[in-house]
Amino acid sequence: MTNIQGKSHQRGATIKILTTLLVGALFAPAAQAFDAAQWQAVAPAIQAAVECRAKPDTTATAWKALPRDESGAIEAIKPPVPFTVFGLPVQEVAIFIDADGELGESYTATLGANAAAVRKAAKLSTAGGRTTTMGELMLGEGVAPQLTCTVAGTYDESEYQEN
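FYI, in this note's numbering the residues of the sequence shown are -13 to 149.
For the record, the hints were derived by calculation from the structure and aren't laboratory data. Treat the hints loosely; a few may be bogus.
No more than 30 Å apart at the CA atoms, straight line, and that leaves these computed lysine-lysine pairs for DSSO-like [unchecked claim]: (1) LYS64 <-> LYS41; (2) LYS41 <-> LYS106; (3) LYS64 <-> LYS50; (4) LYS41 <-> LYS109; (5) LYS64 <-> LYS106; (6) LYS64 <-> LYS109.
Using the sequences and the hints given, assemble the complete structure.
Laid out in structure tokens, this is it:
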């Protein structure tokens, strides 16, 4: 084998190893696995928040166990066991809570039902919304309907003036 062939063979082996590592990283489970028992502990709080009935206790142990990204934000969650909001199946839940409170909070469920079923189950207006004592419940129509409860933050632009 010549020196050029040896380097080519070595480069090919390196590429195969890197490819295997990258594919493994893409399909590896999240560092913080979220199992059924953990989900069952936090599911009632998430359900109440998405339905815009009650804010979750973010100091609870179950809440603190939610999977988070590098910045500490809660990652999107695919329920490990069947889960419903207003009796409709949930495919994924996304949660945003501004730590400072200025930007508010949002709790979103991607649902496995059509928009008409979501409007009826959540008792939304024909425009797809409803005000609750906690916040605004809105229907987002995309590939899969999303139901979001938005809680207003403290940010106020009423005194803002453009020069």
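Here is how each hint holds up against the structure:
| no. | hint | verdict |
| --- | --- | --- |
| 1 | LYS64 <-> LYS41 | 20 Å, holds |
| 2 | LYS41 <-> LYS106 | 23 Å, holds |
| 3 | LYS64 <-> LYS50 | 17 Å, holds |
| 4 | LYS41 <-> LYS109 | 20 Å, holds |
| 5 | LYS64 <-> LYS106 | 24 Å, holds |
| 6 | LYS64 <-> LYS109 | 25 Å, holds |
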